[in-house]
Amino acid sequence: MDYHSEFRRSIDNPDDFWREQAEKIDWIEPPKTIWQPTDNGHGQWFPDGTLNTCDVALDANIRAGRGDQKALIYDSPVTNTKRSYTYSELTDEVARFAGVLKGRGITKGDRVIIYMPMIPEAVIAMLGCARIGAIHSVVFGGFAAHELAVRIDDAKPEAVITASCGIEVSRVIEYKPLVNKAIDQASHKPETCIVYQRPQAKADLIQGRDFDWNELMAAAEPAAPVPVKSTDPLYILYTSGTTGKPKGVVRDNGGHAVALNYSMNLVYDAKPGDVYWAASDVGWVVGHSYIVYAPLFAGCTSILYEGKPVKTPDAGAFWRVVQDHKVNMLFTAPTAFRAVRKEDPEADQLSRYNISSLKRLFLAGERLDPATYEWLKEHTGLPVLDHWWQTETGWAICCNPVGIEMMATKPGSATVPSPGYNVQVVDRNGSQMPAGEQGQIAVKLPLPPGCMMTVWGDDERFRKTYLEPISGFYSSGDGGFIDDDGYVFIMGRTDDVINVAGHRLSTGEMEEVVASHPAIAECCVVGAHDDMKGQIPIGLVLIKDGATIDHDELEDELVEMVRDKIGAIACFRRALVVDRLPKTRSGKILRRVIRQIADGEEYAVPSTIDDPAILEEISEQFRH
Numbered sequence: 001m002d003y004h005s006e007f008r009r010s011i012d013n014p015d016d017f018w019r020e021q022a023e024k025i026d027w028i029e030p031p032k033t034i035w036q037p038t039d040n041g042h043g044q045w046f047p048d049g050t051l052n053t054c055d056v057a058l059d060a061n062i063r064a065g066r067g068d069q070k071a072l073i074y075d076s077p078v079t080n081t082k083r084s085y086t087y088s089e090l091t092d093e094v095a096r097f098a099g100v101l102k103g104r105g106i107t108k109g110d111r112v113i114i115y116m117p118m119i120p121e122a123v124i125a126m127l128g129c130a131r132i133g134a135i136h137s138v139v140f141g142g143f144a145a146h147e148l149a150v151r152i153d154d155a156k157p158e159a160v161i162t163a164s165c166g167i168e169v170s171r172v173i174e175y176k177p178l179v180n181k182a183i184d185q186a187s188h189k190p191e192t193c194i195v196y197q198r199p200q201a202k203a204d205l206i207q208g209r210d211f212d213w214n215e216l217m218a219a220a221e222p223a224a225p226v227p228v229k230s231t232d233p234l235y236i237l238y239t240s241g242t243t244g245k246p247k248g249v250v251r252d253n254g255g256h257a258v259a260l261n262y263s264m265n266l267v268y269d270a271k272p273g274d275v276y277w278a279a280s281d282v283g284w285v286v287g288h289s290y291i292v293y294a295p296l297f298a299g300c301t302s303i304l305y306e307g308k309p310v311k312t313p314d315a316g317a318f319w320r321v322v323q324d325h326k327v328n329m330l331f332t333a334p335t336a337f338r339a340v341r342k343e344d345p346e347a348d349q350l351s352r353y354n355i356s357s358l359k360r361l362f363l364a365g366e367r368l369d370p371a372t373y374e375w376l377k378e379h380t381g382l383p384v385l386d387h388w389w390q391t392e393t394g395w396a397i398c399c400n401p402v403g404i405e406m407m408a409t410k411p412g413s414a415t416v417p418s419p420g421y422n423v424q425v426v427d428r429n430g431s432q433m434p435a436g437e438q439g440q441i442a443v444k445l446p447l448p449p450g451c452m453m454t455v456w457g458d459d460e461r462f463r464k465t466y467l468e469p470i471s472g473f474y475s476s477g478d479g480g481f482i483d484d485d486g487y488v489f490i491m492g493r494t495d496d497v498i499n500v501a502g503h504r505l506s507t508g509e510m511e512e513v514v515a516s517h518p519a520i521a522e523c524c525v526v527g528a529h530d531d532m533k534g535q536i537p538i539g540l541v542l543i544k545d546g547a548t549i550d551h552d553e554l555e556d557e558l559v560e561m562v563r564d565k566i567g568a569i570a571c572f573r574r575a576l577v578v579d580r581l582p583k584t585r586s587g588k589i590l591r592r593v594i595r596q597i598a599d600g601e602e603y604a605v606p607s608t609i610d611d612p613a614i615l616e617e618i619s620e621q622f623r624h
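Per UniProt numbering, numbering through the sequence shown is continuous, rising by one, with the last residue being 624.
Don't read these hints as lab results, they were simulated from the structure.
It is possible that some hints are incorrect.
Straight-line distance between alpha carbons at most 30 Å, and here's what the computed DSBU-like set of lysine-lysine pairs gives [claimed, not checked]:
hint : residue 1 : residue 2
1    : 271       : 359
2    : 326       : 24
3    : 271       : 377
4    : 108       : 70
5    : 464       : 444
6    : 24        : 108
7    : 229       : 181
8    : 156       : 271
9    : 202       : 82
10   : 410       : 82
11   : 82        : 70
12   : 588       : 464
13   : 544       : 359
14   : 308       : 359
15   : 24        : 229
16   : 308       : 410
17   : 410       : 359
18   : 32        : 108
19   : 156       : 464
Whenever a hint applies, use it, and build me the whole structure from the sequences.
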């Protein structure tokens, strides 16, 4: 079947389409009802089915004869450690940790916060929660105590699972003092804190509340998978909201398992036994979907990497992992490869490694700029496939559907809507825009399986944020267009469209032009307030290592390039050279904060920022 046939079937006959996909996973009680509407305007998938997500991820692979195959490979350049687990070994560890949780009185529906670095115990904790039907909420290890406290008060967990420390390129971050401070600040007090002690920094344990991971594991009885409803929550994952209060995205069990299993074939063309690497963190949705769950649903070997794309030890780090573990698919954010390109513009490090096992490169999490796309194509010779999705959806809204048919790529496009996603470009009234014209990207309801069910504890916020802005649609908050061939182009958040003297212009388009300059490693363009024109664009640029060019000369060239490609109407006249861009830990550029700095406004330092000192550096440059 070709892509267009499969896509049409998913939209025209969704019950039949998703029933077929549901038959590909192991249910305890297969669903008879495929989809039913609910009061919140969204609906539920497979509402009368029962299963256990951990059973689908682990035990089902043992039943299929893959017990001796590697399930998880841990590679940690920051500790010089490599370790692997077969499906049988990982199942034993997870069952025992599920027994630990049961022994602490945690049962189906209870919440557990996991605040850990990229170590196997984080994966074991997530799967252990799923095994007994507890709802996990992973918080990125090292988050500020206040942010952890906010999440504790929202999720009200029975337990916090943590490690004594996390390890960055040049420092060890002690986690336990942050956890202690967060629990002190929170109104809700978890009864149990389980601590995995790492040799780089041992934590002091508080009598009566804190317990040593290894001691509990040694005494625990393995726990069997607990049947849960398809619609029972699997996890809560917090994402930033415009109000400042994080939104707890709730994912179900059944729709999640069906959708992610389908996505491994559709998006990645992954088969049982393939070595799959999502170079992300379990604190983000990519880590949930494509480090922990989807590769195991599909019978693959998943890589868990505790390191960076550069500095651990150099810009060849990713290529080394591919060579050492014979990785077949690599998925990361464009930011990671922009960092590699900045430090190794000619890809000299790549020549040191044999990456012949690698079939494809996948990028998502932010817009894949054409400059990075072309660099990867040139130096690897591999298909470089962009895809677009969100924390809220859990899997790709748009992709190149390589598991059905490989489609021609277009730089700057995430290709076509995934089957199940009826993607449209609309105006604020929900009227469809003509091909090629920019508008809001929205998905006609109902959303396919695997997408968020609601905001934890706040159905009203779910409706107001996602369903009410455009009646009958899920509002993505992203803008873009669909071309005559049906290819979807995401041009950035709708608030990244700037209004220059009445003309609506995309900062994403300007970034494309700026990034194409041979001296530029990375850039962003934001709209700053202007008394005359309303807004004018300002560029922040990083120069490639080894590139020598006068900053004024570079600015003149960039201004001319934007004028040539977009026109004088863009009013692009300023480009500041910076040492680094402010980003979240997941690699997204903090454009809103940059805009506030450019406008001289007060700004809040986001909890997700990688290094707050960058903001003061940029503020100083704007002052000058």
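Against the structure, the hints come out as follows:
Taken as a hint, the residue 271 and residue 359 pair is honoured in the structure, with Cα atoms around 12 Å apart against an allowance of 30 Å. Distance hint between residue 326 and residue 24 is fulfilled; the C-alpha atoms sit about 27 Å from each other, no more than 30 Å. Between the alpha carbons of residue 271 and residue 377 the distance comes to roughly 24 Å, so the proposed pair stays at or under 30 Å and holds. Using a Cα cut-off of 30 Å, the hinted pair residue 108 and residue 70 holds, with the two alpha carbons roughly 29 Å apart.
For a cut-off of 30 Å, the pair hint linking residue 464 to residue 444 stands: about 16 Å separates their Cα positions. About 25 Å separates the Cα atoms of residue 24 and residue 108, which keeps this hinted pair within 30 Å; it holds. Of the pairs offered as hints, the one joining residue 229 and residue 181 is violated, with about 36 Å between alpha carbons and a cut-off of 30 Å exceeded. At roughly 39 Å between alpha-carbon atoms, residue 156 and residue 271 are farther apart than 30 Å, so this suggested pair is violated.
Simply put, residue 202 and residue 82 have alpha-carbon atoms about 21 Å apart, close enough for the 30 Å limit, and the pair holds. A C-alpha spacing of about 38 Å is found between residue 410 and residue 82, which places the hinted pair above 30 Å, so the restraint is violated. Using a Cα cut-off of 30 Å, the hinted pair residue 82 and residue 70 holds, with the two alpha carbons roughly 13 Å apart. As the CA atoms of residue 588 and residue 464 are separated by approximately 25 Å, the hinted pair is consistent with the 30 Å bound.
Pair hint residue 544 plus residue 359 holds up; C-alpha atoms about 28 Å apart against a cutoff of 30 Å. This hinted pair checks out: residue 308 and residue 359 have alpha carbons roughly 22 Å apart, not beyond 30 Å. About 17 Å separates the Cα atoms of residue 24 and residue 229, which keeps this hinted pair within 30 Å; it holds. For the suggested pair residue 308 and residue 410, the alpha carbons sit about 28 Å apart, so the restraint of at most 30 Å is met.
For the given pair, residue 410 sits about 19 Å from residue 359 by alpha-carbon distance, which is consistent with the 30 Å threshold. The straight-line distance between the Cα atoms of residue 32 and residue 108 is roughly 24 Å, inside the 30 Å bound, and the hint therefore holds. Between residue 156 and residue 464, the direct Cα distance comes to roughly 24 Å. Compliance with the 30 Å bound is thereby established for this hinted pair.
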